[in-house]
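Chains A and U supply the protein sequences, listed in that same order.
Reading the first sequence from the start, the letters are residues 1 to 275 in the working numbering.
Reading the second sequence from the start, the letters are residues 1 to 275 in the working numbering.
Check the hints yourself; a few may be wrong.
[Claimed, not checked] Per the computed footprint, the stretches of chain A lying under chain U, defined by three or more beta-carbons under 8 Å from a beta-carbon of chain U, are:
1) 118–125
2) 252–261
[To be verified] Simulated crosslink set (DSBU-like; lysine-lysine; CA at most 35 Å straight-line):
3) K73/A to K224/U
4) K164/A to K44/U
5) K248/U to K109/A
6) K246/A to K84/U
7) K109/U to K27/A
8) K138/A to K159/U
9) K224/U to K159/A
10) K246/U to K109/A
11) K70/A to K88/A
12) K257/U to K109/A
13) K248/U to K73/A
14) K70/U to K44/U
15) K44/U to K181/A
16) K246/U to K246/A
17) K159/U to K70/A
18) K159/A to K175/U
19) K109/A to K84/U
20) K164/A to K84/U
21) K224/U to K109/A
22) K73/U to K138/A
Read the hints as simulated data drawn from the structure, not as lab findings.
None of these values were measured; they are calculated from a predicted model.
For each residue, glycine too, the CB sits at the ideal point set by N, CA and C.
Okay, here's what each chain looks like letter by letter:
2 protein chains.
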Amino acid sequence: MTTNQLVQEIKKKKSFLCIGLDVDLNKIPEHLLQEEDPIFAFNKAIIDATHHLCVAYKPNTAFYEAYGLKGWKSLERTIHYLNKNHPKIFTIADAKRGDIGNTSTMYAKAFLEDLAFDSVTVAPYMGKDSVEPFLTFKDKHTILLALTSNQGAFDFQTKTIDGKELYKQVLEISKTWENSKNLMYVVGATKAEFLADIRQIIPESFLLVPGVGAQGGNLQEVCKYGMNSQIGLLINSSRGIIYASKEKDFAEAAAIKAEELQKQMAVELDCHSKS
Amino acid sequence: MTTNQLVQEIKKKKSFLCIGLDVDLNKIPEHLLQEEDPIFAFNKAIIDATHHLCVAYKPNTAFYEAYGLKGWKSLERTIHYLNKNHPKIFTIADAKRGDIGNTSTMYAKAFLEDLAFDSVTVAPYMGKDSVEPFLTFKDKHTILLALTSNQGAFDFQTKTIDGKELYKQVLEISKTWENSKNLMYVVGATKAEFLADIRQIIPESFLLVPGVGAQGGNLQEVCKYGMNSQIGLLINSSRGIIYASKEKDFAEAAAIKAEELQKQMAVELDCHSKS
Chain A
1 MTTNQLVQEI KKKKSFLCIG LDVDLNKIPE HLLQEEDPIF AFNKAIIDAT HHLCVAYKPN
61 TAFYEAYGLK GWKSLERTIH YLNKNHPKIF TIADAKRGDI GNTSTMYAKA FLEDLAFDSV
121 TVAPYMGKDS VEPFLTFKDK HTILLALTSN QGAFDFQTKT IDGKELYKQV LEISKTWENS
181 KNLMYVVGAT KAEFLADIRQ IIPESFLLVP GVGAQGGNLQ EVCKYGMNSQ IGLLINSSRG
241 IIYASKEKDF AEAAAIKAEE LQKQMAVELD CHSKS
Chain U
1 MTTNQLVQEI KKKKSFLCIG LDVDLNKIPE HLLQEEDPIF AFNKAIIDAT HHLCVAYKPN
61 TAFYEAYGLK GWKSLERTIH YLNKNHPKIF TIADAKRGDI GNTSTMYAKA FLEDLAFDSV
121 TVAPYMGKDS VEPFLTFKDK HTILLALTSN QGAFDFQTKT IDGKELYKQV LEISKTWENS
181 KNLMYVVGAT KAEFLADIRQ IIPESFLLVP GVGAQGGNLQ EVCKYGMNSQ IGLLINSSRG
241 IIYASKEKDF AEAAAIKAEE LQKQMAVELD CHSKS
């Protein structure tokens, strides 16, 4: 999917919501545990109930790997279901991978080609040659960790390196990499006030923003500092939506939570188009 | 496995060799492609031929994920084979994971509990709460990326942050984390001269050293600067051993290459015990 296609979808749906499919068998409704593939059954119900309210889905691969072969199969079924039924929805493999060059190529092939995700999240610690293999795939996107939403972000990411915070160095240096136009960035909503500075460095790039809701981030703040002329934001919510209810009405409850966020986003988009 | 048990194995086998099981179907002997599970058939043959020469095996998960469900199955079969037949051999899931707390817990469970690896490699970018969930597993080890062997290591890892290189900050700060005694570190052999400084910060920790052989690192240099009173080194070689031949003699050829390294290691251990 091209960035332009994503922007069109955002405008059409009046939503820049990404729903995180972080499925924990301890948290899903009990009646689903009798299904042959409970994780996929859960995802399918959530997708069927929310696909008109969001523009992206983001399974975090950890939750699938934790169930071994079965989990991997559920991930495959989920992405195939999305690609077949909702090809205009942007898909993110939240894998946070990154390795030496030839190994990153294997990861890129796994997520962007074989599983056919539109994008994958990647960690920057190993530098240019660990990220560039992901950037070579046409109309695919690499979402680089810049400033994450957890407390540990302050251990290294916000430390000053050669006169500038590490996460800003990541933004600046990554802009010089080959095919850097295929880069997006993870920036946590819990640090919305950092977004103004970030937009100075990467005015054009899309940002994937976790941490709205469960982690305490504020949607209005994120939009105020982070939105650009092409919207440039994907706001992720996982637990706040998918675990809205543990009963048989879980999918409807998820849709209600998703719609609440979508409506707030529609207001933001409306204000933005008038400004 | 405890660190002490690993040290005993090193002394017994006169080897601190780790063999990287990075299996690429384009590089293995053609006759294996007719097997039902070519990757496992390859690994089994390599393990059967080399287990007396090394103390650790390290599958890089990228090479398995690249083959989807089949690859994940091959990884499961490989670790089960090792745990069943060679329980004294240290196993490393080279996964370079790291995510927010509850997600890291899922990864830790997948690799250390379900697959029952002795250790897993983890990236430090997201800080303390992304690594600590891995450290809670008893007699398991978390191998944190410090200074990697690729060119991209110079993009961020060696940059100066608050007066000290980032990789040194990672070493120092990680020492303060809960259960930090369960930490080991990745330090690339291509930067052996950095090892003296590294030993100042973490005199006791085990180092996993990739980059000897194919990437140009030098064994003697690594031992000179990196060995400590408990040996403290695992030297990894992947391609140089497992792809020594593409013919039917591939396992024997791998054993010959592994033995060459093991003999050099025996000399180093001998000198070390006398010094």
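Hint by hint, here is what the structure shows:
1. 118–125: holds (count 3)
2. 252–261: violated (count 0)
3. K73/A to K224/U: Roughly 47 Å between the alpha carbons, so the hint for K73/A and K224/U is violated.
4. K164/A to K44/U: Violated - the C-alpha atoms of K44/U and K164/A are around 49 Å apart, more than 35 Å.
5. K248/U to K109/A: Distance ~29 Å between K248/U and K109/A Cα, so the pair holds.
6. K246/A to K84/U: Roughly 40 Å between the alpha carbons, so the hint for K246/A and K84/U is violated.
7. K109/U to K27/A: holds, 17 Å
8. K138/A to K159/U: With Cα atoms ~32 Å apart, K138/A and K159/U stay inside 35 Å; holds.
9. K224/U to K159/A: Answer holds: K224/U to K159/A is near 33 Å, not above 35 Å.
10. K246/U to K109/A: Distance of about 24 Å is within 35 Å: holds.
11. K70/A to K88/A: Within the cut-off at roughly 27 Å; holds.
12. K257/U to K109/A: holds, 30 Å
13. K248/U to K73/A: Cα-Cα ~34 Å, so holds.
14. K70/U to K44/U: Since the Cα atoms of K70/U and K44/U sit roughly 16 Å apart, the hinted pair holds (cutoff 35 Å).
15. K44/U to K181/A: violated, 43 Å
16. K246/U to K246/A: violated, 54 Å
17. K159/U to K70/A: violated, 42 Å
18. K159/A to K175/U: holds, 17 Å
19. K109/A to K84/U: Distance ~32 Å between K109/A and K84/U Cα, so the pair holds.
20. K164/A to K84/U: violated, 50 Å
21. K224/U to K109/A: violated, 39 Å
22. K73/U to K138/A: holds, 30 Å
In summary, the structure is inconsistent with hints 2, 3, 4, 6, 15, 16, 17, 20, 21 from the numbered list given earlier, while agreeing with the others.
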